[in-house]
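On the provided structure of chain A, position chain B as indicated by the hints.
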Amino acid sequence: MEKSQKTFARLWALIGIAALITIYAAPLFLGVYSASLFRDAMLFGLMALGLDFLWGKTGVLSFGHATFFGAGAYGMAIVSTEMGLGPVAGAWLGLLGGIALAAALALIIGYFLIYGGVRGSYFTIVTLALGVIAKLVVLGASDLTGGDAGLLGIPSLQFPTRSGPQPLPEIGQYWFVISVVCLMTLAVWWACSGRYGTLLKSIEDNERRAQALGYNTSAHLLAVFVGSAAIAALGGALYATTVGVVATDSIDLALSTQAIIFVAIGGRGTLFGPVLAAVAVIWLEQKISSFDAQLWPLFMGGLFILAVFALPNGALKGVERLAAKLKGAAK
Amino acid sequence: MTAAIPALLNAMTLISILMLVGLGLAIIYGLMGIINMSHGDFITVGAFSLALVQGLGGSFWMALIVAPFIGAVLGFCIEKTIIQFLYKRPLGAIMATWGLSLILQQGLQLIFGASPQRVISPIDATVEIFGASYPAYRLLLIAMAVAIMIAVHLFIRKTRFGLDLRTVLQNPEMADALGIDTRRVFTAAFALGAGLACIAGVLLAPLTAVIAQMGTNYLARSFFVVIVGGAGSVPGVVAGASFVGGAETMFNYMIPAAMSQALVLVLAVILVRFRPNGLVAR
Numbered sequence: 001m002e003k004s005q006k007t008f009a010r011l012w013a014l015i016g017i018a019a020l021i022t023i024y025a026a027p028l029f030l031g032v033y034s035a036s037l038f039r040d041a042m043l044f045g046l047m048a049l050g051l052d053f054l055w056g057k058t059g060v061l062s063f064g065h066a067t068f069f070g071a072g073a074y075g076m077a078i079v080s081t082e083m084g085l086g087p088v089a090g091a092w093l094g095l096l097g098g099i100a101l102a103a104a105l106a107l108i109i110g111y112f113l114i115y116g117g118v119r120g121s122y123f124t125i126v127t128l129a130l131g132v133i134a135k136l137v138v139l140g141a142s143d144l145t146g147g148d149a150g151l152l153g154i155p156s157l158q159f160p161t162r163s164g165p166q167p168l169p170e171i172g173q174y175w176f177v178i179s180v181v182c183l184m185t186l187a188v189w190w191a192c193s194g195r196y197g198t199l200l201k202s203i204e205d206n207e208r209r210a211q212a213l214g215y216n217t218s219a220h221l222l223a224v225f226v227g228s229a230a231i232a233a234l235g236g237a238l239y240a241t242t243v244g245v246v247a248t249d250s251i252d253l254a255l256s257t258q259a260i261i262f263v264a265i266g267g268r269g270t271l272f273g274p275v276l277a278a279v280a281v282i283w284l285e286q287k288i289s290s291f292d293a294q295l296w297p298l299f300m301g302g303l304f305i306l307a308v309f310a311l312p313n314g315a316l317k318g319v320e321r322l323a324a325k326l327k328g329a330a331k
Numbered sequence: 001m002t003a004a005i006p007a008l009l010n011a012m013t014l015i016s017i018l019m020l021v022g023l024g025l026a027i028i029y030g031l032m033g034i035i036n037m038s039h040g041d042f043i044t045v046g047a048f049s050l051a052l053v054q055g056l057g058g059s060f061w062m063a064l065i066v067a068p069f070i071g072a073v074l075g076f077c078i079e080k081t082i083i084q085f086l087y088k089r090p091l092g093a094i095m096a097t098w099g100l101s102l103i104l105q106q107g108l109q110l111i112f113g114a115s116p117q118r119v120i121s122p123i124d125a126t127v128e129i130f131g132a133s134y135p136a137y138r139l140l141l142i143a144m145a146v147a148i149m150i151a152v153h154l155f156i157r158k159t160r161f162g163l164d165l166r167t168v169l170q171n172p173e174m175a176d177a178l179g180i181d182t183r184r185v186f187t188a189a190f191a192l193g194a195g196l197a198c199i200a201g202v203l204l205a206p207l208t209a210v211i212a213q214m215g216t217n218y219l220a221r222s223f224f225v226v227i228v229g230g231a232g233s234v235p236g237v238v239a240g241a242s243f244v245g246g247a248e249t250m251f252n253y254m255i256p257a258a259m260s261q262a263l264v265l266v267l268a269v270i271l272v273r274f275r276p277n278g279l280v281a282r
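Protein chains in written order, with the working numbering: chain A, 1 to 331; chain B, 1 to 282.
Only chain A is shown next, with the shape it has when bound in the complex (with noise of 0.2 Å):
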């Protein structure tokens, strides 16, 4: 038994390297539009991540998760752009600036619902109406958030060199944003795989009793909740800087439920798979977009109802359950 399991394991780590060289080594072979493509997939990967990071491991569903990546990203470009820094300070103060905002409203948020014993439906649609909030409040304030239009010209981030700070090229941007995703990626797991994420199960699992043994449920959500909100801020701040702008979509609700259907469809709690299947599924998208764009919604509500019913653990688990059931069929 642990014979087998050592070397499934290695197993594992042999396709995690694979994978991560085939990553790194994309716009090689993809070329640059496709590799842009899959950067910003990584981002949005990076939104799921910080959805399974609250949902895979305590159980708590945000439906309006989008309200993070979107305060991220709105956070970045009204720093960088509408406070006079200059291009340099302004897209590294902005990412700072729009994870903070995240933060700070995921902090006041969560404090107020969370210490109020909010929990499961409940949560998710005061968090569904947190969306909409989100987006009414982008809308009324055009001032500031350029309402319908949008934010333009959000710099990019520059990094010393020789000859004074400079922007990335278009590769070496690819290769920071997956460098940052596969750290983060790596954090939340390393994070949760210890005591920690036992911590959590058992809140999951059943909170009043993780409280009678003397933890603090309340607080280590909280905690759970902010981490996870700065997590998708992070995506969206760094989307809002490669791309360069910034609209109502990256708030929408539309947006939250992608979120939920990456970490669906990856296998809720299990990390490196809802940023995985981001990418498959905006892949996808793209795909059958470019036949019909009309078709992709149909697909979307097909893969909801396929996660709910087919894939209940997600695609990975799916695999895995097929591969024993043919592993015992062979024997």
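Mixed in with the good hints, there may be bad ones.
What the hints assert, rightly or not - So these bits of chain B aren't anywhere near chain A, every CB distance computed over 12 Å:
1) Ile-5
2) Leu-8
3) Leu-9
4) Gln-117
5) Ile-120
6) Leu-139
7) Arg-160
8) Leu-163
9) Thr-167
10) Arg-183
11) Ala-209
12) Ala-220
13) Leu-279
Stated by the list, open to error - Have a look at the derived ranges for each label pair, beta carbon to beta carbon:
14) Leu-178(B) x Leu-107(A): 46 to 52 Å
15) Ser-193(A) x Arg-183(B): 40 to 46 Å
16) Ala-209(B) x Asp-143(A): 26 to 32 Å
17) Arg-10(A) x Gln-84(B): 40 to 46 Å
To be verified - For lysine to aspartate or glutamate, the following EDC-like pairs were computed, each having C-alpha atoms within a straight-line distance of at most 20 Å:
18) Lys-80(B) x Asp-176(B)
19) Lys-88(B) x Asp-176(B)
20) Lys-88(B) x Asp-249(A)
21) Lys-80(B) x Asp-181(B)
22) Lys-88(B) x Asp-292(A)
Derived from the structure by calculation, the hints contain no laboratory data. Glycine included, C-beta positions come from ideal geometry on N, C-alpha and C.
Chain B alone, transformed into the frame defined by chain A:
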């Protein structure tokens, strides 16, 4: 004084719309506990059935009779194919009904096109009330909303089916043991909720642009109508709709529409936090 009357009537119109929209959800969410993300699209289906009936030469009143049947059949099919497997999986129900919502919206748009559907209001006249003129259709809407609320309240309180429904929702195992076919009651309740949403859609259609996405506007608000009022009772829906509709109309006179909707939702969230059982607790 004459300025206050249209404001009051506007508030009552919005409250009536929200009551109608929330009523179906009060049964599906408030009583059955299913978070039905496609509720808004049932409303859209109702509005489209009006366009369809009128397009085929029928009248508004005919649509008002046909639409709930379309809704009930739709609700029946959805309950049988999707919802009935998800009573023990609330999050699964949220996701599946959201998927359904996407399919319904896009399906309607593919069939009927993206431009607004043509619907004809049954009455165009305006009425003088205390010196202020007001569209007669809105008064009709208010009257219809009140009548429907009373009818549903009596239906749930006084009929055999209403009794079965309340029994099943209070304690499904016990109801089962008493010989009530709980699965049938759940199916019927879901179909009833969908049918009511379609009636709301018909009544609402002459006041808005009838497009495939129209239901989305009402989704978050209808949930809060039900939660703020107190899950699953007709008086609760009245209280919730009055709170949301009244507050929104009031803010509309002070701040831009988007902000007033946002502010009402914020207030509703705060209210839910402090009174999780709603204004009219059971």
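Hints, one by one, checked against the model:
no. : hint                                : result
1   : Ile-5                               : 28 Å, holds
2   : Leu-8                               : 25 Å, holds
3   : Leu-9                               : 25 Å, holds
4   : Gln-117                             : 18 Å, holds
5   : Ile-120                             : 28 Å, holds
6   : Leu-139                             : 29 Å, holds
7   : Arg-160                             : 30 Å, holds
8   : Leu-163                             : 27 Å, holds
9   : Thr-167                             : 23 Å, holds
10  : Arg-183                             : 18 Å, holds
11  : Ala-209                             : 17 Å, holds
12  : Ala-220                             : 4 Å, violated
13  : Leu-279                             : 16 Å, holds
14  : Leu-178(B) x Leu-107(A): 46 to 52 Å : 49 Å, holds
15  : Ser-193(A) x Arg-183(B): 40 to 46 Å : 43 Å, holds
16  : Ala-209(B) x Asp-143(A): 26 to 32 Å : 27 Å, holds
17  : Arg-10(A) x Gln-84(B): 40 to 46 Å   : 45 Å, holds
18  : Lys-80(B) x Asp-176(B)              : 19 Å, holds
19  : Lys-88(B) x Asp-176(B)              : 16 Å, holds
20  : Lys-88(B) x Asp-249(A)              : 33 Å, violated
21  : Lys-80(B) x Asp-181(B)              : 15 Å, holds
22  : Lys-88(B) x Asp-292(A)              : 37 Å, violated
Hint check: violations occur at hints 12, 20, 22; the rest are consistent with the structure.
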